[in-house]
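Place chain F on chain V using the hints.
Protein chains in written order, with my numbering: chain V, 1 to 390; chain F, 1001 to 1390.
These aren't lab readings, by the way, just hints derived from the structure by calculation. The hints are all genuine.
Capping the alpha-carbon separation at 20 Å, the derived lysine to aspartate or glutamate pairs in DMTMM-like fashion look like this:
{"id": "1", "chain 1": "V", "residue 1": "LYS342", "chain 2": "F", "residue 2": "GLU1263"}
{"id": "2", "chain 1": "V", "residue 1": "LYS331", "chain 2": "F", "residue 2": "ASP1292"}
{"id": "3", "chain 1": "F", "residue 1": "LYS1188", "chain 2": "V", "residue 2": "ASP339"}
{"id": "4", "chain 1": "V", "residue 1": "LYS168", "chain 2": "V", "residue 2": "GLU132"}
{"id": "5", "chain 1": "V", "residue 1": "LYS54", "chain 2": "V", "residue 2": "ASP68"}
Pulled a few chain V residues facing chain F out of the computed Cβ check, cut under 10 Å:
{"id": "6", "residue": "GLU140"}
{"id": "7", "residue": "LEU209"}
{"id": "8", "residue": "ALA215"}
{"id": "9", "residue": "ASP240"}
{"id": "10", "residue": "SER265"}
{"id": "11", "residue": "TYR271"}
{"id": "12", "residue": "TYR289"}
{"id": "13", "residue": "ASP292"}
{"id": "14", "residue": "ILE310"}
{"id": "15", "residue": "ALA318"}
{"id": "16", "residue": "LYS331"}
{"id": "17", "residue": "MET335"}
{"id": "18", "residue": "GLU336"}
A partial selection of chain F residues facing chain V, derived with a Cβ cut-off under 10 Å:
{"id": "19", "residue": "LYS1187"}
{"id": "20", "residue": "ASP1210"}
{"id": "21", "residue": "MET1276"}
{"id": "22", "residue": "LEU1328"}
Think of the CB as a built atom: it goes at the ideal place given N, C-alpha and C, for glycine as much as any other residue.
There are 2 protein chains.
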Amino acid sequence: MPAPALRGAAGRLTRGCVHRAELVRHASCSVQADRGGAVIAVAEVRRFIADAMKAVGTAPDRAHLLADVLVEADYRGHYSHGLNRLELYVDDVSDGSCVASADPRVLRETAATAWVDGGHGLGPVVGRFSMELALSKAKEVGVGWVVAKGSNHYGIAGWYSMLALERKMLGMSFTNTSPLVSPTRSKKAALGTNPISVAVPAGKDSYVLDMATTAAALGKIEMQRRRGQPLPVGWAQGPDGAVTTDADLAYKTQCLMPLGGAEDSAGYKGYGLALMVETFCGLLSGSAYGPDVRRWGSSGETANLGQCFIALDPAAFAPGFEDRAADLIGKLRSMEPADPAKPVLVPGDPERAHMEHVDQQGGVRYVAQQVESSEKLAQRLQITPMKVLA
Amino acid sequence: MPAPALRGAAGRLTRGCVHRAELVRHASCSVQADRGGAVIAVAEVRRFIADAMKAVGTAPDRAHLLADVLVEADYRGHYSHGLNRLELYVDDVSDGSCVASADPRVLRETAATAWVDGGHGLGPVVGRFSMELALSKAKEVGVGWVVAKGSNHYGIAGWYSMLALERKMLGMSFTNTSPLVSPTRSKKAALGTNPISVAVPAGKDSYVLDMATTAAALGKIEMQRRRGQPLPVGWAQGPDGAVTTDADLAYKTQCLMPLGGAEDSAGYKGYGLALMVETFCGLLSGSAYGPDVRRWGSSGETANLGQCFIALDPAAFAPGFEDRAADLIGKLRSMEPADPAKPVLVPGDPERAHMEHVDQQGGVRYVAQQVESSEKLAQRLQITPMKVLA
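Just chain V, same shape as in the assembly:
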C-alpha cells in the first residue's frame, strides 16, 4: 500500500532514478530487518502518533504535523528519529517542558533574515514556520536565513530542507542537540550530533543530504553491542578519552567521535563542522548551546534548542541550475563502482530505495520491542493501539 499522506515532502523524490542498492549505510534499517517484528501501514503509524499527541492535549493540526515528521523518518529508513521517539515527545508535552500550544514569533527581521522565538513549542511547529519564512524571503531576495531559539526536537533535519524542493529552491536545515560528541582531544562530550541537511532540486530528480556530523549514531553502537561485535575504530571513545572498539564500553560512555574519527584521520574536521552547526543554531539564536544543552528525557527542563533554516533560490544566480544538478548527479551515479554489486549513489538514494521497499511491503516494519512499547504507550494514554498488518 502506498503512503499518499507522505508524498507532500517526499513525493517528488520518488520520481528520481532509484538504485536498488542494499541499505548498508542504515544500521537502523538493518536492525529492523534482523529482528522480525511487525509491518504497520504508514497511515496507521501516522494516526497513532497523532492520537498520542492529542491525548496529552496537543491541538489536532499540530499533532498531525508532528506525526508527518516522525513517520517520514521511518518511511525514509531513519528509524532513530521516528516512532521510536514518540514517548519522549509525549513526555515533553506532559511535563510542560514543551509548550504544544506555543506560537513561534518573529523577534527581528530584514528582507533576507529573521530571528524567531519558538516559545518552547513543538519542534516541527517552529521548524515549519521558520522554513516557510526562509522560503518566502528567498522568493523575494534570493536567500532567506532564519534562526530560531526556544525550539524542541524537530525530527529529521531533512524534512525541513525538503520543503524547498517543491518551490524549486535549495533548502538547508541545522539543529543543535544534547552534548554527546567529543571535541577532538577532549575526554568528554561537549557538542551535539549537530546535523546538516541540504536538499537540492534537479528537475524530476533531486539529492538530499541529511547527516549528523559524527561518524556513527548511538543506535549503530547499540546494534554492534547487541550483535556482540566490536566497533570500527573512530566511532566512539571510552571514559579515558581514548578510542574504543568495545561496544559495551562505548554504549556506557556515550561519547561519540566527530566525523573523521580520531585526530590522525581528520576527526578535527567533523568537530569543526559540529561547531559550525552550533554557531548557526545556538550562538546566532541565543538558545542553549554546547555543553549546556539538556540531555533529552532527563528532567522537566526546557530544551531551548537552536535551529537554522536557509532557503536559496537558484534563479538568483546562473540560469539552468536544475539541468546542471541533474547532469552532475547522473554522472555521479554512472561512475564505475569498485564493487559492481554496489552502485555509486547520491545522497538520498538509500532513502528512496527504502521508501520503495516500504511501499511494496505495505508498511513500515518495526522491531518487536518497538511494537510492544507502542502498545504500552497506547494503554498509558488510552488510545487505540496500532493495527499490525503482518
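Here is chain F on its own, set in the frame of chain V:
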C-alpha cells in the same frame, strides 16, 4: 621579525588565546621542520611573489593581492597553498588561461545575492570582489550570498572568510577544484577537494575553520611516501577503487577519499559535503563542475572555477553573539584533554601557533627543494631571488 603586511586579515586572530600545541595536524608544517631548508622573511616572500606576477604582466596592485593571499597560507602553515604554487599562477597568466587584467562584473543581483562573472581573472581578484560584495549586502540585509563563475585558484579559502572578522561578521567561502576525490563506491575521482571555510568573530578572539572535504591532502600522502611509511586506512584509493595503505600506489593513483574514508566509516558524509560545495560553487554559478574541471597545470585551458562567498551579520539575530561565541570556544579549549600534552583546540588555533612560531623565527622556513625551485623561477623570470635569512 613580525609580518605587519599580513596582519590585515589575520591580525585580530593573533590577539586570541594561543595554545602552543604541537602542530600534528599540519603535515606540511612537519615537512618543513623535517627537512631543514631556509628561513625567509615574510615581507621578502611577499615581494618575490609580487615580482614574479608582475614579470608576466600582472598589474602591481593585483600582483600584491595575490602575494598577500599566498604568503598568508605559508604564514598560517598551509604550505601547500602558498609559495609552493606560485609557478602555477605564473604559468596560468603566461599562457593566457588566466586573464590577469580581467575585472569581475555582476551579472545579476538582489539586495542579498549576486551572481558574478570573474572573466577568468585572478582568483584573489574575483574572490575579494565577491566577498566584499557579500559583506556589503550583509550589512544592509543581514546576509550576502555571492557566487562567481569564471574564476581561478584563489589560494586558501580562509583568506576570504576572514575578511568578515574585522566587520564583526561571519564569513564563509567555498571553491570547487579539480577532480581528485572519489565519490563513495566509485573507482575513480569525480569531485574536488572542495574546501569549506567559516570564520567566526568572538570579541578579541575568533575561530576559523578552513578544511578540505577529504580525509587528507595529496601533500600528506607524498610525505608518507617520502618517509617510506604506510598510509592510515581511509586516506586514498588504489586503481581498483579499493582503499590502499600503499603510499607509492596512492600517490600514483591520485584518488583521495572523502572525509570519513570508506563507506563503513561514513565517508559518504564527506562525499555529500563535497557535493554540497560543488552545488554552491559550480552548479549555482554555471562554471565548470565535477569531473569536467580541468587538472591544474595540464594545459592552456581556462579553469573556469566556481566559488561561493557568504557573509552573515550576527546583529540581524540575537544580541550578544560574540560573547556567546567567546564563551563557547573558551569552554571547548578548557575541556579536559585525553592526553595532557595535547590541549583541546578550536579551528584556527594551530594556525595561530604557527604564526607565532614564524614571528619568533623571523620568517617562514621553506624546504630546500622549495628554495631551489624559487631560485630557478627567479632566473626564468629575471627577477631578484629571495634573500635567505638562515
